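Engineer: Residue strings, one per chain:
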Amino acid sequence: MSSDLKDLYQQVIVDHSKRPRNYRVIEQANRRVDGYNPLCGDKVTIFVRLEDGVVKDISFQGAGCAISTASASLLTEALKGKTLEDAERLFESFHDLVTGLQPAHEEPKLGKLEAFSGVCDYPTRVKCATLAWHTLRAALKGEGESVSSE
Amino acid sequence: MRTGTELRIEAGPEMKTALDVQKIRQDFPILRELVHGTPLVYLDNAATTQKPQAVINALVRYYTNANANVHRGVHTLSERASALYEGARETAQRFLNAASSAEIVFTRGTTESINLVAQTYGRANVGPGDEILITALEHHSDIVPWQMLAEEKGARLRVAPVDDRGEVILEEFERLIGPRTRITALAHVSNALGTVNPVRRMAGMAHRAGSVVLVDGAQAAPHVKVNVQELGCDFYALSGHKLYGPTGIGVLYGRLGLLEKMPPYQGGGDMIRVVTFEKTVYNDPPHKFEAGTPHIEGAVGLAAAMDYVSGIGLERIAAHEQELLEYGTRALEAIPGLRIIGTAPQKAAVLSFVLEGAHPHDIATILDRHGIAIRAGHHCAQPVMERFGVPATSRASLAFYNTKEEIDALVKGIHAVQEVFH
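Line order of the protein sequences matches chains D and B.
Just so we're aligned, residue 1 is where the first sequence starts under my numbering, counting upward by one.
Just so we're aligned, residue 1001 is where the second sequence starts under my numbering, counting upward by one.
Do not rely on the hints blindly, as some may be mistaken.
Claimed, not checked - 30 Å max Cα-Cα, derived DSS-like pairs, lysine-lysine:
hint, chain 1, residue 1, chain 2, residue 2
1, D, LYS6, D, LYS80
2, D, LYS6, D, LYS141
3, D, LYS141, D, LYS109
4, D, LYS18, B, LYS1412
5, D, LYS127, B, LYS1404
6, D, LYS109, D, LYS80
7, D, LYS82, D, LYS56
8, D, LYS6, B, LYS1023
9, D, LYS127, D, LYS112
10, D, LYS6, D, LYS56
11, B, LYS1279, D, LYS6
Derived by calculation from the structure, the hints in this document are not laboratory data.
Since the model is a prediction, treat every value here as computed from it, not as a measurement.
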């Protein structure tokens, strides 16, 4: 594989796309939003159990490319236990990372999410990486039932 | 093409010599481009085709020597521009074997051609309770205009299903044609699967019930010899850019008897004979449907493309593409975990496929890094994707400038995809 493809399809991304974590329905979810990218047909549903401003549990289901699936999977890992404020900061930092900007916040750390640093070299794939995040944001804000990354 | 009446290969003198593909490739300057450091392998021809130097030169010549508005000036340049524009219409007439150049309306493309028919013939002839019949193979541009019309008029849109190979089930199609069927619209060649519809037979079925027939020829015109009189259709729509011509120009062929009775499409200059504030007398077809200054250089470029394609010969083009299709089908089928979607026996050179463990978007990204351009997604045919139970496919669509070596490069690229997701 050429080096720039390796930057995009880092091991952690391939791993999460093939074995997505937290891929389930949360029966007691009090937030649930569907995300859809009409351009490519990628679909994701984010389930959140939010208590006292903290993400107690989070999961997803959907169908999409490796980037969007891995992004949703890693998102659920990163968000569990986070406050609404942390979640918003992570959203902003992740967005900056995949669009090629310096992450806006030092805390909380992006950690494994850094694996998406290669996406900024593939402008057509930024929407794949951010679909789950836009959906999450809508879920946490309690907005509507569906969100589009278009 | 190994096909029925519509695509019969007539063994003309040109059939005696095979295509010199390497020589043809010299005609397309963009094929010399490097993508990510490797030679471009362009396999997205169903989306748009590349342009031969002859088309590029025609555009340059038009703006260098002939640019003026058409149909109104008496000066020399306007005469030149008008002659080129109307000459392009005659070229299109010959290309489609229409009975008269008045049957050739220039539009922005297939989409506008279909919308024109829906908004003029459709609005005048479809009423509450009437039916419009399409097939499950249609591109969104041959679905949505009819949905809009049906909604406006209280008419019903009916859809003829396809079988597992991607062929329209003709018995079902015939069964769906009834006394209320006013318009039947079908693709000549499916963009997502490559299926070639037996248009003449289907048009015959529709005509017997008194329906007019529109054929979406966007994917057929670049690959097969189209003869609108032999097909027996009432309308035929095509896009210039899929036929090696410029974007923004297309053709609507319409039977003159129908065009004459149809209300105009848009109002404006060129489509009128006399205008007063009380009443306007409309021009005759085709001008009645071409309001405003047309896409003159587009028409000129399209005519150059049609001349170029005719010069090579659509029979020879079809034969070469069929050879590539057979080679590519065998090569792809040999890849473990790969499934070709669309396996109709009558097929144009489209290879739509899904690969176990790899999403089409990832496939397209990885192939692009190897210089290979394919399309990933629903191909503006979401109902087709639904029919085959896939969210999207990867699609390699071939043109006569493609080679077996490029198919080999595609296969190698797919192996690289499998390496990433092994």
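Engineer: Now tell me if each hint is right for this structure.
Structural biologist: Taking the hints in turn, this is what the structure says about them:
Taking the CA atoms of LYS6 of chain D and LYS80 of chain D, the gap is about 28 Å. The hint holds against a cut of 30 Å. A C-alpha spacing of about 35 Å is found between LYS6 of chain D and LYS141 of chain D, which places the hinted pair above 30 Å, so the restraint is violated. A threshold of 30 Å between alpha carbons decides the hint, and for LYS141 of chain D with LYS109 of chain D the separation of about 22 Å falls inside it, so the pair holds. Between LYS18 of chain D and LYS1412 of chain B, the direct Cα distance comes to roughly 22 Å. Compliance with the 30 Å bound is thereby established for this hinted pair.
Between LYS127 of chain D and LYS1404 of chain B, the direct Cα distance comes to roughly 35 Å. Violation of the 30 Å bound is thereby established for this hinted pair. Note on LYS109 of chain D and LYS80 of chain D: the hinted pairing holds, with a Cα-Cα distance of about 14 Å set against a maximum of 30 Å. The suggested pairing of LYS82 of chain D with LYS56 of chain D holds, with an alpha-carbon distance near 8 Å, which does not exceed 30 Å. Straight-line distance between C-alpha atoms of LYS6 of chain D and LYS1023 of chain B comes to about 37 Å, which puts the hinted pair past the 30 Å bound.
Proposed proximity of LYS127 of chain D and LYS112 of chain D is supported: the alpha carbons are some 19 Å apart, at most 30 Å. Pair hint LYS6 of chain D plus LYS56 of chain D does not hold up; C-alpha atoms about 34 Å apart against a cutoff of 30 Å. With a C-alpha separation of about 68 Å, the suggested pairing of LYS1279 of chain B with LYS6 of chain D is violated against the 30 Å cut-off.
Checked against the numbered hints above, the structure breaks hints 2, 5, 8, 10 and 11 and satisfies the rest.
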